[in-house]
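**Q** Here is how the chains run, residue by residue.
Protein chains: 2
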Amino acid sequence: MAKRKDQIKLGAFLLFTGHHVAAWRHPQASVGVNFENYIELAKLAENAKFDAIFFADGVAARLKDIEAASRKAHSGVYPFEPITLLSALSSVTKNIGLIATASTSYSDPFNLARQFASLDRLSGGRAGWNLVTSSDPEAAFNFGHDGHILHADRYERAQEFADVVLGLWDSWEDDAFPRDKASGQYFNQEKLHVLDHRGKHFKVRGPLNLPRSPQGHPVVVQAGASEAGKELAARTAEAIFAAQITLEEATAYYADVKGRLGKYGRTPDDLKILPGIFPVVGRTQAEAQEKFEQLQDLIQPEVGLNLVSALAGGVDLSAYPLDGPVPADLPETNAGKSRQSLVLDLARRENLTIRQLYLRVAGARGHWQVVGTPEHIADVLEERFENYGADGFNIMAPVMPGGLADFIELIVPELRRRGLFRTEYEGKTLRENLGLKRPANRFTQAASAAAE
Amino acid sequence: MAKRKDQIKLGAFLLFTGHHVAAWRHPQASVGVNFENYIELAKLAENAKFDAIFFADGVAARLKDIEAASRKAHSGVYPFEPITLLSALSSVTKNIGLIATASTSYSDPFNLARQFASLDRLSGGRAGWNLVTSSDPEAAFNFGHDGHILHADRYERAQEFADVVLGLWDSWEDDAFPRDKASGQYFNQEKLHVLDHRGKHFKVRGPLNLPRSPQGHPVVVQAGASEAGKELAARTAEAIFAAQITLEEATAYYADVKGRLGKYGRTPDDLKILPGIFPVVGRTQAEAQEKFEQLQDLIQPEVGLNLVSALAGGVDLSAYPLDGPVPADLPETNAGKSRQSLVLDLARRENLTIRQLYLRVAGARGHWQVVGTPEHIADVLEERFENYGADGFNIMAPVMPGGLADFIELIVPELRRRGLFRTEYEGKTLRENLGLKRPANRFTQAASAAAE
Chain A
635 MAKRKDQIKL GAFLLFTGHH VAAWRHPQAS VGVNFENYIE LAKLAENAKF
685 DAIFFADGVA ARLKDIEAAS RKAHSGVYPF EPITLLSALS SVTKNIGLIA
735 TASTSYSDPF NLARQFASLD RLSGGRAGWN LVTSSDPEAA FNFGHDGHIL
785 HADRYERAQE FADVVLGLWD SWEDDAFPRD KASGQYFNQE KLHVLDHRGK
835 HFKVRGPLNL PRSPQGHPVV VQAGASEAGK ELAARTAEAI FAAQITLEEA
885 TAYYADVKGR LGKYGRTPDD LKILPGIFPV VGRTQAEAQE KFEQLQDLIQ
935 PEVGLNLVSA LAGGVDLSAY PLDGPVPADL PETNAGKSRQ SLVLDLARRE
985 NLTIRQLYLR VAGARGHWQV VGTPEHIADV LEERFENYGA DGFNIMAPVM
1035 PGGLADFIEL IVPELRRRGL FRTEYEGKTL RENLGLKRPA NRFTQAASAA
1085 AE
Chain B
635 MAKRKDQIKL GAFLLFTGHH VAAWRHPQAS VGVNFENYIE LAKLAENAKF
685 DAIFFADGVA ARLKDIEAAS RKAHSGVYPF EPITLLSALS SVTKNIGLIA
735 TASTSYSDPF NLARQFASLD RLSGGRAGWN LVTSSDPEAA FNFGHDGHIL
785 HADRYERAQE FADVVLGLWD SWEDDAFPRD KASGQYFNQE KLHVLDHRGK
835 HFKVRGPLNL PRSPQGHPVV VQAGASEAGK ELAARTAEAI FAAQITLEEA
885 TAYYADVKGR LGKYGRTPDD LKILPGIFPV VGRTQAEAQE KFEQLQDLIQ
935 PEVGLNLVSA LAGGVDLSAY PLDGPVPADL PETNAGKSRQ SLVLDLARRE
985 NLTIRQLYLR VAGARGHWQV VGTPEHIADV LEERFENYGA DGFNIMAPVM
1035 PGGLADFIEL IVPELRRRGL FRTEYEGKTL RENLGLKRPA NRFTQAASAA
1085 AE
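If you read the sequences in order, they're chains A and B.
Counted the way the working numbering counts, the first sequence spans residues 635 to 1086.
Counted the way the working numbering counts, the second sequence spans residues 635 to 1086.
Here chain A stands alone, though its shape is the one from the complex (with noise of 0.2 Å):
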């Protein structure tokens, strides 16, 4: 195979004190959760030419199991809300993309296109928007709702509400303002687009009322793993933060996505696939594998047990001894025998203890963990991006700020070694660095087709 002529595109996914569940209680771990934390993180990424860093986000605390909830940090409780947060380092940093998750649930697309939009202006160009739609069952009632709304639905949603954000975006062209003191013209009327939008889930006139931004528009990501999900990507994204585990996995979901790019008129190169990587590095195995034992160590049984139960469907061990094994005879729950036997099949299959059991699922919450030498990650990474599985990958660092230092000391020079990363960034704005392009107003362009 020919190797590829573009390059490997990195994030850094900051999660606070660190990907692993007990990162917190790390003795390197920044617990404080204080601003200039991220700062640091930020300008570690930066100096590291990292194509952007990247927040998750969510609208409630998840204390439905407030024991577990109140022993770990990601119980849904963030430091800073993402978008007030990468506001305030776009004006600490230059160069590096500003990616922050929101959803379209329990969001309002003008508030949401303004304040994204406002972001990119802030940041010369480096705004990103990681669409979501919530599927936390605690979120509803933080907005008015009594239950969930479902997930078809959900969806549906979710691409009215793209349509609108990316329609406000178009309201105003490049030129609509030439500001121009001598003659008194603000702005080109001309130059100026009503959305008028009337759809089933919203109604909204506009215009925005900020003029467009350095990039068009903010890059759009997105994570969609569900059918629904990635004809919503293929339609409107343009980065994936993909979770595949596996070569096999990866590849398969990169060319299904890729695949369904054509039909919306767009090529392979608009939208650029992601995964997340978990990884442990060391100089040696042993000393990789060192690192990994010692975050093992501190998880807590309730919390290890509480995360076996999320990722089993809600079956509860709590009641068996830790260091005895896994019982055959669980009662089923609600989610059903198939989610519950991924879990735990493998703890029969591999005659595993209860604590075995989560020490084995919980530490990386399920994502792709590679433990290993600077030249072993490096090899996975290449060898996923030379065989289309990725187009770069999100780094979820075990912990923070040491785990993205490792990342960055360790491996990404192995990277550059073999011509899999750069040494210098390539523009100025998020999509420049990206290999994206920038979207022509709509309008724009219509009145130049009509033109024609």
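Since the hints were made in silico from the structure, they are not lab data.
Possibly wrong hints are sitting among the right ones.
Which copy is meant is left open, so a pair is good if it fits within one copy or across any two.
[To be verified] The calculated lysine-lysine pairs, modelled on PhoX-like cross-linking and capped at a C-alpha distance of 25 Å, are: (1) K677 / K728; (2) K1062 / K897; (3) K728 / K1062; (4) K837 / K698; (5) K1071 / K825; (6) K815 / K698; (7) K1071 / K837; (8) K639 / K1071.
With chain A held as given, fit chain B onto it using these hints.
**A** The following block gives chain B in isolation, referenced to the frame of chain A:
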């Protein structure tokens, strides 16, 4: 009358290009509307020890009269959205308060509470929320409505909105997050309080998924002028951006609002009243007048007529000669005779031409306007402060950045000579500088009271 023991508080109301309607055409105005302009303005105000910078907002472009709108900077199209803008400014400033306007009519209380709390955390306790209701009929169209929400209902909704936001801000007690690595306790569940609000307009369970912020909660600012607005302010606000023009109006308003605090268990010190002032300062009266005329000469007739029309309830003067008299027999508008008369009576009383009329009312857009020497302006500020017409002022510089720089260079030293304005910040948070108490968490209070 004994001199007041406290000092004047100063806010810088940063309307881009300046508050004069034609400011953007002024040779010294920054019309580039770049973020760098705002950094310059924020640092200017911070170096002068202002309490806060303040941003207006609206959620619609006001384009009904598009010809006039296209000739002015202030048609509701902002270069940035205020929450993102202030977040970006938070990391390049240290002491100055950051007050953003956000509407209760078209925001969601959970998202708004979270973003302002996040800004308070990012800035180390410098956030303020200027709570407004939207009176702009065009805003409704951007949020799924066909018409406008009525005034009484708007304020009722606003009060409930504020109650929800304040409740969410108390979700976690100050010491709810021990984050104790050794014991594994991340948060203390006894310090978590679920709001469970169920009201007429909102149903919000909570808790907010963000720790309590440095100021306890952001400073709540309001601009209540109507009966409903003043009551809302007396119950909820900690600072008021007031808009009275004469000393008599100002002292009457001050006494009125401060007099309402008692019934809500509050003292006069719990609420600071900060009227806006549009100052045009020159080393001599002639220089000040010349500066003002230079701005006035830049007003375009379409814009002037449009502002007269807005102030006079929709009256249309565009068919009459600009340098002829205001006609006596104008048709009555929907706004009714009284509002129309306020402006038209002025014209008749003083025998003004149409151009003279718009020059009289349009420049400062109806705000308290003072044109004079530093001594004169310091005199009127001192008079208003010492007579309890104000606790401080919101400076609406005619042109940015020049008008703000003039105020700082010429008037601030004069206020300091009189002992009326600080030379150093008293504290680190906006509250400390404004002289406002840090609110105890309502649940901590309740627990202490129960224990007594």
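**Q** Look at each hint and say if it fits the structure.
**A** Each hint, compared with the structure:
no., hint, result
1, K677 / K728, "both (9 Å within a copy, 20 Å between copies)"
2, K1062 / K897, "neither (31 Å within a copy, 57 Å between copies)"
3, K728 / K1062, "within (8 Å within a copy, 28 Å between copies)"
4, K837 / K698, "between (35 Å within a copy, 19 Å between copies)"
5, K1071 / K825, "within (22 Å within a copy, 49 Å between copies)"
6, K815 / K698, "between (59 Å within a copy, 23 Å between copies)"
7, K1071 / K837, "neither (29 Å within a copy, 43 Å between copies)"
8, K639 / K1071, "within (17 Å within a copy, 61 Å between copies)"
The structure is inconsistent with the numbered hints 2 and 7, although it conforms to all the rest.
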